[in-house]
Amino acid sequence: MSRSFEGVHALRDVTLELRRGEILGLIGPNGAGKSTLVNVLSGFDLPSSGAIELEGRDITRWRPSRRGRAGLARTFQHSHAFRSLSVRENVEVAALGAGTPPRAARERAEELLAALALSANADAPADALAQGDERRLGVARALATSPRFVLLDEPAAGLPEAELPALSEVVRSVRDDREAGVLLIDHNMGLIMEICDRIHVLDQGRTLAEGSPADIRANLDVAAAYLGESAVAE
Amino acid sequence: MRRARAALELLAPVLLVVLVALFGTIVSSSTQTYVVTTLVNVAIVVALYLFIGNSGVLSFGHISFVAVGAWTAGILSMPASEKPAIMPSLVGFLRDTTVGNVPSLALAAAVGAAYALLVGLPLMRLSGLAAGIATFGVLEITHNVLRYWEKIGPGLNTFSAVPETTGLLQACVGALIAIVVAFAYQWSRYGRMLRATREDPAAARAVGVSVYGQRLLAFTLSGAVAGLAGGLYVHLLPVNAESFYLDLTFITLAMLVIGGATSLWGAVVGAVAVSAVDSFLAEAENGVNVFGRTLDLPSGTRIVVVGTLMALVLILRPAGLTGGRELRVPRALRRSVLTKFSA
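Protein sequences appear in the order of chains A and B. Letter by letter, the first sequence follows residues 1 to 234 of the numbering used here. Letter by letter, the second sequence follows residues 1 to 343 of the numbering used here.
In isolation and in its complexed conformation, chain B is listed as follows (with noise of 0.2 Å):
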């Protein structure tokens, strides 16, 4: 029975992962843009999941992660004939070394997890409110330093040059491995003793449950799925520091909440979802044929559009559209099941 449950709780958001991933070989490849952008959402809405989920500990400073994951493959997979041009003021080592496009994605989630780790030893004692302002402080202060710190990057310029190597396999690699981490984790004993920590802090430490500790572990772990996360978007996608601010802040946090933020599947689900409703309406700020007819949105419409569902759901469902649950088998088809078998 555990088994089960927990095969299906890998199996369900995999499976949709790979849909999507066949969706995206049947479509125009502008539309595959989007599929190959909904699964980097999906790798980057896991690892909000794998930590705020969990946890219960709301935060606004994991597209830092992303960021800096985003800087790390960006500048080490550029090649380096092209680094002074676009870099002139780059440090010397990060100027010299270019590596391929898979040590740079593993180069990505190492120092996501570093950069998670300084920021998570100070921040990982504060919970509610405080933890939220505390992270969205790390936010800016990671926004500020990657704009105007020539040195480590392009500063205001957009990372071009860089190997354009995620398509649909590479993103389709990247959500599942965040996806199976994400399932590794919470299937984990530190996975339980973390959300033991947010149920209820007081009974958790009561049974010698470390709750500064689990949670600067999975705020870690987090970090090297969101810098993961950071490479695959900058391998697909010319970017800049505004790649990763209030915008991606925003769009990634709604996804988890819509989906249910209390589950891997609703993690996927909802990056899923959202992806969907937003990349249609990117397309129709643009102007769009629906059944004939040319819809063409207003400049701005797909946020206030997802800010309004972001709305809905928390008053009408306010644990996601999965209710915050994994995916399970109806209690009557497991019943109609064993019955069958046991016969």
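Excised from the complex, chain A in its bound form (with noise of 0.2 Å):
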């Protein structure tokens, strides 16, 4: 697909295939067109040519709701937070969303404000969150539609170092036990290396490179983009 904003081009002929069971990283400098495709695949953008499916079926022209209900999820760079509503609620409405039934989503809530850590807030106002916990909350929500595919724009921004490994256990959760796709973008290179099946590298909206964690770390032009030709020739 590409996009393209009056003449400037965001994202020029990129193919991404996330499979379930799998996690995709995206990767690439700032301005590499990571965000533009995750609200093209999501959509809340429209490609200007080309075509999205999910599993089979073309959703180019689908609404937002219509694709959430339909099993993609995804999370937001900066806070979406549904600020008056609980903590609990805002789980619990996620997963109303995609059609769950009211007593099911309050338990589907439960458990997923524990298995990231959030059952102590469950009842504060959302907007009382640390930057920390409203990631987290980000993923309860996007988690709580059961997708089977997920898109996670920078889920480790602002967590600290410490509760890296939790992230990394509730995402490897989400391929392993739900049979999940995971599209997981973040700067957190640690984080991608680690946990990412595959990575697809983007740089001034083209598809750079793709490959496993090793392919990648050995990959010149991945250094250069993210470093300075002229650093990776020292």
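Do not rely on the hints blindly, as some may be mistaken.
Some chain B residues near chain A, calculated using beta-carbon distances under 8 Å [to be verified]:
1. 189
2. 192
3. 196
4. 199
5. 200
6. 204
7. 205
8. 206
9. 208
10. 209
11. 292
12. 294
Here are the computed distance ranges between Cβ atoms for each label pair [to be verified]:
13. B:14 <-> A:58: 34 to 40 Å
14. B:184 <-> A:49: 22 to 28 Å
15. A:6 <-> B:149: 48 to 54 Å
16. B:27 <-> A:101: 33 to 39 Å
17. B:102 <-> A:123: 38 to 44 Å
It is worth saying that the hints were derived from the structure and are not from the lab. Every residue, glycine too, gets a C-beta built ideally from N, C-alpha and C.
Using the hints, put the two standalone chains together into the complex.
Shown next as structure tokens:
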């Protein structure tokens, strides 16, 4: 797919496949087109050309809410909490939105709040959460929809180092226990290299490389995109 | 904890309405009319809250649903023998059909809901200023249709001969029905999903919530409550098309804003508080005795004062008198009660 804004190409002929039961890392320098790609995949933006398929169905023209109900969930780079609702209600609403019955939605919320260490704040309004907790709430909300595919937009941003193992554990469990496909965008290369099965690298709207973490680590083009040509030459 | 919170959210506005109704039993009959009007206002403001408070989308058009409710109940409950004199151009089935008080109120609610659904189908895709202006257009269209189309009502004339069945009891029951409906809705899955769209439409869409669908549902339900309130209104006072226009739109929106638009408690507090001030000022415009002195205010004072009050509240307390929150037991009291029970 491609996406351009008034002549500026945010995405150029990018082809990306996310399979169930895998964690696909999406990396690239700032302005590479990562968030544009997530917006196009989740229906918040339309591609200028190309198509998006969800398990064989063309969903290019589907609204975000329909994609959400069809099993494609996403988180946002910045906080998008339902601020006046409690933390528990935030997660419950997400489950309800995906069509889960109320009682099951409540149970699912409790389970996710416990998994993401948010139970202690369950009754607090979401606008009272610290930044790290807000990130985890975003993840809990996306997972509450029981997604088959989930797009995590910088879930580790603002999280203390000590909380990363717990987040990694949750992301892995989404892949292993729920057999969902996870598209993980993050600037934390340690996290990406540790938990991703494959990595897709974008640079200036184009696919620069795709492969296993070891392949990407060894790819000089990727190093150049991140560090600059001169640094790689040295 | 959750059940206690829910119980308080329902009981607080119910208790306030019952207290207002009880107050109506000990005052003079002229003051009682103001009390009954206050209770009808509660029903209208709760209808506004149901949509505006939960969705965050402004509607200037809700008085249209009150008006069609009033028209429905008024026309259908007026004795058939009176209709030809007051509404000579009325279409056949409206002229020949007469129903009792309760069916007329039920039909008022049904027609209010149907009209809101019809209007909402195209308009619920709008937000912000566009939604405000479009719903204002609905008010204008409705007002002019009711004012000039004599096949469906009295046109420029006043609804006279409608049985005056809205006394304290009926108004109180009507206000309580509105409160229970709004409470049940806000605790339902649909109410929670709509409030999520109010907080962040994009995030709500991302988890599968249809913003359009949830808004349309709330708009229709609030149209039903507004229609019921219109039915109560026409059974209370002789009304005409002017009764359901800009003044009522302004005063009821002021009640919602002053009380706190994002809570049921705020809607009821605002309706009661502003109705009290409005009733006093309406009396004062005709001259009223206050502590031995006659207070005689110029005509129009009530709207000026309510407008000023609304501006002051918006400046000093933008979330309204209640802060836009439901009534809660103070944390200290909650803690002391819990300690007592655990001891």
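Hint check:
1. 189: At about 5 Å, which falls below the 8 Å cut-off, the nearest Cβ of chain A leaves the hint on residue 189 of chain B intact, so it holds.
2. 192: 5 Å, holds
3. 196: Interface hint status for residue 196 of chain B: holds (4 Å vs cutoff 8 Å).
4. 199: 4 Å, holds
5. 200: 5 Å, holds
6. 204: 7 Å, holds
7. 205: With a closest approach of 4 Å, the residue 205 of chain B hint holds.
8. 206: Since chain A brings a Cβ to about 5 Å from residue 206 of chain B, closer than 8 Å, the hint holds.
9. 208: With a minimum Cβ separation of about 3 Å from chain A (threshold 8 Å), the hint on residue 208 of chain B holds.
10. 209: Holds: closest Cβ of chain A sits about 4 Å from residue 209 of chain B, inside 8 Å.
11. 292: 48 Å, violated
12. 294: 47 Å, violated
13. B:14 <-> A:58: 34 to 40 Å: 52 Å, violated
14. B:184 <-> A:49: 22 to 28 Å: Since residue 184 of chain B and residue 49 of chain A have Cβ atoms about 48 Å apart, the given range 22 to 28 Å is violated.
15. A:6 <-> B:149: 48 to 54 Å: Since residue 6 of chain A and residue 149 of chain B have Cβ atoms about 49 Å apart, the given range 48 to 54 Å holds.
16. B:27 <-> A:101: 33 to 39 Å: 49 Å, violated
17. B:102 <-> A:123: 38 to 44 Å: 42 Å, holds
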